[in-house]
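J.: Protein sequence lines correspond, in order, to chains A and B.
All the letters of the first sequence, read from the start, carry residue numbers 447 to 684 under the working numbering.
All the letters of the second sequence, read from the start, carry residue numbers 17 to 366 under the working numbering.
I should point out that these hints are in silico values taken from the structure, not numbers from a laboratory.
These numbers come from a predicted model, not from an experiment.
For each residue, glycine too, the CB sits at the ideal point set by N, CA and C.
Treat the hints with care, since some could be wrong.
[What the hints assert, rightly or not] Distance windows between CB atoms, simulated: (1) B:T87 x A:E656: 14 to 22 Å; (2) A:T586 x B:P334: 34 to 42 Å; (3) B:P90 x A:P587: 24 to 32 Å; (4) B:A316 x A:M651: 33 to 41 Å; (5) A:R593 x B:A331: 19 to 27 Å; (6) A:R593 x B:R217: 33 to 41 Å.
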Amino acid sequence: MRICVIGNSHAGAIKEGWDRIAADHPGVAVQFFAAPGDNMDGLKLFEGRMVATEPLLAEFVTLSSGGQTEIRPEAHDLFLIVGLGLRPPKMDRRLSAQVYRAVTSELSRCLACRVAGMIRMVSEAPILMLPNPLPARQPTPDETEGRLMRQEDCLRDVQSALGLNGLQILRQPEETLSSEWTTDRRWSEGSTTLAGVIGMAPGAMHPDSEFNHMNADYGALWLSIILADLAGKPRHSR
Amino acid sequence: MNPYQSLDERYFWSPAVAQKNMFDIERLWEPKFRIGPRAPVATFGSCFAQHIGRALKGRGFNWMDAEPAPTGLPADVAKTFGFGVFSARTGNIYTASLLAQWVGWALGDSAPPEEVWEKDGRFYDPFRPVIEPGGFASAQEMLAGREMAIEAFRKCITEARVFVFTLGLTESWFNREEGHEYPMCPGTAAGEFDADRHEFRNQDYVFIRRKLVEAIRRMRQANPRLSVLLTVSPVPLTATMSGNHVLLATTESKAVLRAVAGSVSRALPFVDYFPSYEIISSTPYRGSFFEPNQRGVNPAGVAHVMDMFFACLMAKYPLPVATGKKPGKAKGDVACEEALLAAFGTKAGG
Numbered sequence: 447m448r449i450c451v452i453g454n455s456h457a458g459a460i461k462e463g464w465d466r467i468a469a470d471h472p473g474v475a476v477q478f479f480a481a482p483g484d485n486m487d488g489l490k491l492f493e494g495r496m497v498a499t500e501p502l503l504a505e506f507v508t509l510s511s512g513g514q515t516e517i518r519p520e521a522h523d524l525f526l527i528v529g530l531g532l533r534p535p536k537m538d539r540r541l542s543a544q545v546y547r548a549v550t551s552e553l554s555r556c557l558a559c560r561v562a563g564m565i566r567m568v569s570e571a572p573i574l575m576l577p578n579p580l581p582a583r584q585p586t587p588d589e590t591e592g593r594l595m596r597q598e599d600c601l602r603d604v605q606s607a608l609g610l611n612g613l614q615i616l617r618q619p620e621e622t623l624s625s626e627w628t629t630d631r632r633w634s635e636g637s638t639t640l641a642g643v644i645g646m647a648p649g650a651m652h653p654d655s656e657f658n659h660m661n662a663d664y665g666a667l668w669l670s671i672i673l674a675d676l677a678g679k680p681r682h683s684r
Numbered sequence: 017m018n019p020y021q022s023l024d025e026r027y028f029w030s031p032a033v034a035q036k037n038m039f040d041i042e043r044l045w046e047p048k049f050r051i052g053p054r055a056p057v058a059t060f061g062s063c064f065a066q067h068i069g070r071a072l073k074g075r076g077f078n079w080m081d082a083e084p085a086p087t088g089l090p091a092d093v094a095k096t097f098g099f100g101v102f103s104a105r106t107g108n109i110y111t112a113s114l115l116a117q118w119v120g121w122a123l124g125d126s127a128p129p130e131e132v133w134e135k136d137g138r139f140y141d142p143f144r145p146v147i148e149p150g151g152f153a154s155a156q157e158m159l160a161g162r163e164m165a166i167e168a169f170r171k172c173i174t175e176a177r178v179f180v181f182t183l184g185l186t187e188s189w190f191n192r193e194e195g196h197e198y199p200m201c202p203g204t205a206a207g208e209f210d211a212d213r214h215e216f217r218n219q220d221y222v223f224i225r226r227k228l229v230e231a232i233r234r235m236r237q238a239n240p241r242l243s244v245l246l247t248v249s250p251v252p253l254t255a256t257m258s259g260n261h262v263l264l265a266t267t268e269s270k271a272v273l274r275a276v277a278g279s280v281s282r283a284l285p286f287v288d289y290f291p292s293y294e295i296i297s298s299t300p301y302r303g304s305f306f307e308p309n310q311r312g313v314n315p316a317g318v319a320h321v322m323d324m325f326f327a328c329l330m331a332k333y334p335l336p337v338a339t340g341k342k343p344g345k346a347k348g349d350v351a352c353e354e355a356l357l358a359a360f361g362t363k364a365g366g
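This is chain A alone, in the form it adopts within the complex (with noise of 0.2 Å):
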């Protein structure tokens, strides 16, 4: 099994966690592909090749991938991508069906979903998108009130909205939550960045007020999550 990450910093700490848990899936071969931000807007097919079109994006690209200048589609049996701007909206339930498609269906216009697009034209290989993790925070009133819509709806309509074959949104796995909204802060603290973590600024550590971007234990369970469903075992994601 061959699986390609593409995302942003919150790749970082699926770079991590596979770190850790690699010795466990020996027939398992991780390539990442990683840029801040919205770099990876810069990620163009050329000739079925993506290929990176800006100068810092090949940088992190070749950086974390140990060396590749491109994704080459055919040689990844599965494809993971990670953040890149898919963030479910926090919207009140009340709020009318004609808001709630605006929303998504400019989510379904996200970087991340852009990526999905480019990658289907070329590849066939089954596409899993992680949404960026929830924030690791108190959670708000509205989101202990129960005035929100359901994330998970709203991931499966952009889902849908984007029409394309093996692709699956997953939601964030439960025991990481502390409420519907926020990630329990135990998988935030000691985050590294992600220059830290691909080498560019070794051992980077976020600030300890940072709570947007999780650590390697987060990034540990979602790929045993994940490589659990892939082996047909009984862990799911959802």
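Based on these hints, arrange chain B on the given structure of chain A.
T.: For chain B alone, kept in the frame of chain A given last:
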């Protein structure tokens, strides 16, 4: 010696106005109270209030967005749904009595009517007729949306330090049987006009003053720290039902609103008046701040009004917030429901 001899030159027409370039006319406003950069400011009212909210936000002030657009909705799309236009999705509140009506709903003094307008299977809010382009999917959805707006409006009353309200119209439409007021004549933007049920009222000074004071006092009961800043929209009427020529109707309407604003701001220590109306409409500015249709206010006018607002505020209460940020473009992007009237009148261009 007479009392005029000791007055500052700003009290004399010749040095304060006639001898100055219009852009050099200054000190038109002496603020009664400080508006600090952290003080939550809510803005509601007629179309022109939108400029004040946007300018406050653009210059780093704490403009309240009590009903924000969902994350990820682009600003231009959000605006079509009435997000970020006023501090809640109330749509335009043109009259003092409409303000009192919203205050009553928000503070639980009265219940909003369950009246729903339906056309071709879509549902419209009589009190926010253009808030949802193409209407709501159901009456329930419309009522739920209104409930959110009322909640957000209540939050503005109870949490704002400054409530900016722009008086826009004296002409109004009421439900004759139930007494509630509509922001627009039924049958224009939405709904169906029924001469038996819908009644035109051109509000007079006494009625407007009473309603404005009623609304302000009720808001102060709910939030004793609240100050109110009144303005009068300089935008002429799109159309009039008064029976007078629209130019005369406009002049009379603005004069009444201006007089009420002046009277209330003098009577209540926590109420102030900012002269955006005069800056756009008075003779020294020679109509140069109006668009070619002589109704819409052009970007230069909006910018001059807001520059004057911040200059006067800084002069009286110096603020460490010179962010240098400027509000966004004004031209053509103000959501003005009243302008829709032009689409329903034969000669009421605007």
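J.: Per the hint of 19 to 27 Å, is the separation of the Cβ atoms of R593 of chain A and A331 of chain B within bounds?
T.: Taking Cβ atoms as reference, R593 of chain A and A331 of chain B lie about 44 Å apart, which means the hint is violated.
J.: Given the range 24 to 32 Å, decide if the beta-carbon distance of P90 of chain B to P587 of chain A lies inside it.
T.: holds (27 Å)
J.: Just tell me: holds or violated, for the beta carbon distance of R593 of chain A and R217 of chain B against 33 to 41 Å?
T.: holds (38 Å)
J.: Can you let me know if the beta-carbon spacing of T586 of chain A and P334 of chain B is within 34 to 42 Å?
T.: The hinted range 34 to 42 Å holds for T586 of chain A and P334 of chain B, with Cβ atoms some 35 Å apart.
J.: Between the beta carbons of A316 of chain B and M651 of chain A, is the distance compatible with 33 to 41 Å?
T.: violated (51 Å)
J.: Given a hinted range of 14 to 22 Å, is it respected by the beta-carbon distance of T87 of chain B and E656 of chain A?
T.: Since the Cβ atoms of T87 of chain B and E656 of chain A sit about 19 Å apart, the hinted range of 14 to 22 Å holds.
Violated hints, listed in ascending order, are 4 and 5; each of the other numbered hints is respected by the structure.
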